[in-house]
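Whenever a hint applies, use it, and build me the whole structure from the sequences.
Chains as they are written, first to last, in full-length UniProt numbering: chain A, 1 to 274; chain B, 1 to 104.
Among the hints, a few may not be true.
What the hints assert, rightly or not - Quick partial rundown of chain B residues pointing at chain A, CB under 10 Å, derived from the structure:
| hint | residue |
| --- | --- |
| 1 | 26 |
| 2 | 38 |
| 3 | 39 |
| 4 | 41 |
| 5 | 43 |
| 6 | 61 |
As the list claims (entries may be wrong) - Derived SDA-like pairs: lysine to any residue, alpha-carbon spacing no greater than 25 Å straight-line:
| hint | chain 1 | residue 1 | chain 2 | residue 2 |
| --- | --- | --- | --- | --- |
| 7 | A | 13 | B | 84 |
| 8 | A | 125 | B | 87 |
| 9 | A | 204 | B | 34 |
| 10 | A | 13 | B | 82 |
| 11 | A | 120 | B | 15 |
| 12 | A | 120 | A | 16 |
| 13 | A | 125 | B | 74 |
| 14 | A | 181 | B | 74 |
| 15 | A | 125 | B | 71 |
| 16 | A | 13 | A | 204 |
| 17 | B | 27 | A | 121 |
To be verified - Computed footprint of chain B on chain A; a stretch qualifies when at least three of its residues, placed anywhere within it, have a C-beta under 8 Å from a C-beta of chain B:
| hint | region |
| --- | --- |
| 18 | 45–54 |
| 19 | 100–110 |
| 20 | 130–140 |
| 21 | 177–188 |
| 22 | 227–234 |
Keep in mind the hints are simulated off the structure, nothing from the lab. All values reported here derive from a predicted model rather than from experimental measurement. Glycine included, every Cβ here is placed at the ideal spot set by N, Cα and C.
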Amino acid sequence: MKKEPANWLAVLKIAMPLCLSYIPIGLACGVLLHAGGLNTWLVALVSLIVYSGGAQFLIATMLTIHAPISQIVIMLFFLELRYALLGSSLSHYLKKSSHKFILGFAFSLNDENYAVNYLKFATDKYWTPSNALLVEHYALYTWAFSNVVGSLIGSSLHINLVIVDFALTALFLFMVTMQVKRRLTLLTAILAGALSAFFCVALKSTLGIVIATLLASTAGFLADRVIRSMAPGSSLLYKVRGPSGTRETINEQELTEERLLKEEQEKDKDHDHE
Amino acid sequence: MNDLALVLLAGVAAFIPRYFPMLFFSKRKIPDWFNEWMGFVPVSLFTALIVKQIFVTSTYAFSVGNIAAMISAVLVIVIAYFTRSMTLSVVLGLLLMWALTTFL
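Dropping the structure here:
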């Protein structure tokens, strides 16, 4: 892989906010895993191969209540099921990538780097899969390092989890705000939030998040289809106004135009077949 | 030893849902409807996660008691909307949360 020195720096700049927000959370996670009984080597290993804040907090919690391994692993599997959705939604940007690349990419995928990469893929047409992998790795090393430091400091460090947890919430809030481009997307988001609260409480499990995501995204998708075919002028399809015309918006407009052009070409092809 | 087994099994549990769907869909022509559908996934997932973190407690009870997080969340949305900066959103969000939990 050939990389210009400017590229790794540019990608690092994009990954930086993510890396920074991982430091306090990683420290906290390391402290908790240590308290749950994992030694520093295992904390390093779990950060590298599981690499997900939610999952590692779950492991730490279940270790402290002495849950059996089988139960921890099953819970974890359900918690991680959402990555099936995330992986699928990124996959069309990785069509030209090799099996080996996808293996490595999937291995280091998690919520936050997915969010960064999805936004970049959607708004920046020069964003490549190897850049995306680089973001994953920068975040991975920061994460693992913070976890290890956390486990070394152990109980001598008091971290306010309520505050630290909010770093991720703020990151997700930013992502949602950036992605709400249409009124319909906003409605989908609100629906997802309501369903999430309902199913998390009803099922007493984070599986509620998966169900809410599935239902809300399906509802949004179906509503989009129906409205576009039945009432193309509906105000639901209006764009949400941004504060200013930034470069990102322009870039996105180009992308949409490109996509429309492609669709038209494909339609022409279909006509030819007929 | 048990701990090592746990960590390795956890790695497997984390890897399966990440890898196979991604591999499956990257090597096939994805139908348009699937792409459109997936376009609604991130926004739904992130909102679901946010709501879980703010309104659902660790014992899975619904709660509107986390005033600090609610106020911070609204302000983070405003910050994100006007600055379009992830760094500012996260850093100011943390500061807000810290200030509100300390002084409320």
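Are three or more residues of the region 227–234 of chain A within 8 Å, CB to CB, of chain B? Check failed, 0 qualifying residues.
Please verify whether residue 125(A) and residue 71(B) have alpha carbons no more than 25 Å apart. Violated: residue 125(A) and residue 71(B) sit about 35 Å apart, past 25 Å.
At a threshold of 10 Å, is the proposed contact between residue 61(B) and chain A supported by beta-carbon distances? holds, 7 Å
If you look at each residue in the region 45–54 of chain A, do at least three have a Cβ nearer than 8 Å to any Cβ of chain B? With 6 residues close enough to chain B, the hint holds.
Sort out whether residue 87(B) lies within 25 Å of residue 125(A), counting only the CA atoms. Given that 25 Å is the threshold and the Cα spacing comes to 22 Å, the pair holds.
If you count the residues of the region 130–140 of chain A with a beta-carbon closer than 8 Å to a beta-carbon of chain B, do you get 3 or more? Check failed, 0 qualifying residues.
When the least beta-carbon distance from residue 41(B) to chain A is tested against 10 Å, hint result: Interface hint status for residue 41(B): holds (5 Å vs cutoff 10 Å).
Against chain A, run the beta carbon of residue 39(B) and see if the smallest gap drops under 10 Å. It holds, given that the least Cβ distance between residue 39(B) and chain A is near 8 Å, below 10 Å.
Against the 25 Å threshold, does the CA-CA distance of residue 27(B) and residue 121(A) hold or violate the hint? holds, 18 Å
Given the hinted pair residue 181(A) and residue 74(B), is their alpha-carbon gap at most 25 Å? Holds: residue 181(A) and residue 74(B) sit about 18 Å apart, inside 25 Å.
Take the shortest C-beta to C-beta distance between residue 26(B) and chain A; is it under 10 Å? Holds. Min distance 4 Å.
Pairwise hint evaluation, residue 34(B) against residue 204(A), where the allowed Cα distance is 25 Å at most: Distance of about 30 Å is beyond 25 Å: violated.
Violation of the numbered hints given earlier is confined to hints 9, 13, 15, 16, 20 and 22; the remaining hints are satisfied by the structure.
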